[in-house]
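Asker: Turn these sequences into a full structure, and let the hints guide you.
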Amino acid sequence: MKIAVAIKQVPLRDSPLRVNAAGTWIEENNLGFEINEPDAYALEEALQLREKHSGEVIVISAGPARVSQTIREALAKGADRGIHIDVATLDTLHVASLLAAALKTEAPDLILTGLQSDDLGYGQTGVILAELLGLPHSTIIMQVQVMNDVQPGRVRVKRELEDGWFQHIEMPLPAVLTIQSGLNKLRYATLMGIKKAKSKEIKEIKVVSAGEGPQASAVIEKLYAPEKNQQGQIFDGDPKTAAAKLVEKLRFEARVI
Amino acid sequence: MSILAIVEQRMAGEVLAAAKEFGSPVNAYSIDLPYTADTYTSAVEELIRKVNPALVVFGHTYQTRDYAPKLAGRFGRVLIGDVIAGSPPVFVRQMFQGKFNADVRLVGDGPHFVSIQAGAWRAGSDIAVETFSPTPTASRQVAEPPFREAARAVDLSAADIIVSVGRGIKEKENLPVVEALAQALGAELAASRPICDAGWLPMDRQVGSSGQTVSPKVYFAVGISGAIQHLVGMKGAKTVVAINKDRDAPIFELAHYGIVGDLFEVVPALVEELKKK
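Chains as they are written, first to last, in the numbering used here: chain Z, 1 to 257; chain P, 258 to 534.
These aren't lab readings, by the way, just hints derived from the structure by calculation. Since we're looking at a predicted model, the values are computed, not measured. For glycine and all other residues, C-beta sits at the position ideal for the given N, C-alpha and C. Just so you know, not all the hints are guaranteed correct.
[Said to hold, decoys possible] The following label-pair restraints were derived from C-beta to C-beta distances:
{"hint": "1", "chain 1": "Z", "residue 1": "N30", "chain 2": "P", "residue 2": "A410", "range": "45 to 51 Å"}
{"hint": "2", "chain 1": "Z", "residue 1": "L90", "chain 2": "P", "residue 2": "T394", "range": "30 to 36 Å"}
{"hint": "3", "chain 1": "P", "residue 1": "K533", "chain 2": "Z", "residue 2": "N229", "range": "29 to 35 Å"}
{"hint": "4", "chain 1": "Z", "residue 1": "D236", "chain 2": "P", "residue 2": "Q266", "range": "43 to 49 Å"}
Answerer: Next up, the structure:
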């Protein structure tokens with residue numbers, strides 16, 4: 001089966017983030033980037049499904065030139081080829097429409113992506129992609145079972161609900177699934193994988209005019225650190241002194257230990 | 258600005274309260290149909306064409322997350338999801354996992370789509386909710402009844418003291434550091450999602466929106482930055498103690514007491530101090 005994985009490149013976890021001069025996004029200069037965490041799980045799931053059912057895994061990502069590095073890393077983990085849509089936009093609908101256009105010609109049996117991004121956090125790209133491609137979808141997926149032996153052409157998934165509840169959902173392929181972190185164990189790229197990745201294809205799609213996307217229905221007017229509302233007693237400095245103060249407070253003020 | 262409120266059992270009162278604040282008239286509907294992404298997308302699309310609202314308001318539930326982006330996409334819009342404040346045309350939502358807030362402005366004609374975060378609006382309103390029975394449509398998804406995994410081995414909801422560990426612990430091999438604190442306090446050990454995802458602690462020790470909801474006398478959050486998914490599981494704690502190296506971590510907003518510092522120095526010092534008595 002042919003599986004496409006839509007991935008996003010986001011700032012390295014624990015990067016010190018600052019708001020840019022315009023106050024509308026983060027300052028991206030001097031930042032390191034990596035694959036969005038839930039997308040890494042989506043990629044792993046795709047690789048495991050390929051191992052079970054054979055076929056091909058294609059990674060696709062929309063973003064500026066630096067994104068090709070993250071695609072290359074996915075190829076090193078075992079994806080077969082990559083597609084890079086060279087565009088700088090934050091509009092989810094625009095990104096989804098570019099992904100949809102590129103994936104339409106690929107016609108994969110299954111499209112996986114992480115349930116949301118660690119930067120914008122909208123959690124919508126996969127769902128909108130399904131709508132644009134006219135495919136069924138399901139979200140926040142903890143398990144993917146391609147039912148080739150039982151009912152060819154169908155997939156059964158375990159979807160996470162609130163408070164520790166789950167639900168099984170079945171639908172026909174092709175379909176779009178958004179993957180929850182933690183449903184599998186991530187693999188590392190092997191030396192051999194890294195070597196092989198160098199000769200794997202990354203197809204570049206240039207977006208001629210950035211202005212040609214759909215009109216954004218919402219824009220970020222201002223990005224800012226949330227107002228601090230620290231009413232608690234926060235200690236710092238020497239750990240031993242701070243620990244002694246905290247224990248005293250918990251014993252004699254809060255009286256909880 | 259005319260509002261359409263989509264009401265499900267979860268968060269019903271909050272959605273109605275927010276809808277009333279956002280504009281008038283407010284039409285509030287619950288959908289009389291078993292849920293699948295396909296059926297609800299068609300149903301609410303039909304409702305929008307009937308009511309013609311400027312703004313559609315949802316609770317930011319797992320169900321909304323499953324279908325509202327598709328519905329918004331059908332109208333050429335992006336759902337402004339998980340908003341914590343604001344009113345049309347500017348809503349506030351968190352980005353970068355709570356490190357920043359963003360003011361997001363609606364552009365162009367309606368219908369626009371917004372979902373509100375649980376706990377961000379106080380429930381309550383006098384708006385009557387009508388039941389909408391949509392024209393039947395086919396669903397490609399076939400949903401089975403919701404279920405829970407086998408009984409939880411650990412019931413954290415009964416614990417008086419909880420020591421909860423997050424990403425700051427860095428490696429599984431470091432867990433004894435927090436285990437020692439739990440032991441010194443006679444506490445249950447718990448964790449934020451990434452720790453359970455990595456398999457370092459079993460899933461039934463996870464606190465948060467997809468794990469357990471707890472309300473102990475004291476909750477120690479060790480190396481937990483305080484993503485909203487975690488906070489909803491523990492904000493019922495009577496006393497919150499945060500230990501984190503990042504002074505700006507959202508967990509300190511909730512903490513009654515806290516120490517800014519390296520947990521690998523702070524936690525052993527705490528254990529020493531607790532043993533002194």
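Asker: Compare the structure with each hint and give your call.
Answerer: A quick look at each hint next to the structure:
At roughly 46 Å, the beta-carbon separation of N30 (chain Z) and A410 (chain P) lies within the given 45 to 51 Å, and the hint holds. The supplied range of 30 to 36 Å is met by L90 (chain Z) and T394 (chain P), whose beta-carbon atoms lie about 33 Å from each other. Distance hint for K533 (chain P) and N229 (chain Z): a CB-CB separation of about 33 Å, consistent with the stated range 29 to 35 Å. Between D236 (chain Z) and Q266 (chain P), the C-beta spacing of about 44 Å keeps the proposed range 43 to 49 Å intact.
Violated hints: none; the structure is consistent with every hint.
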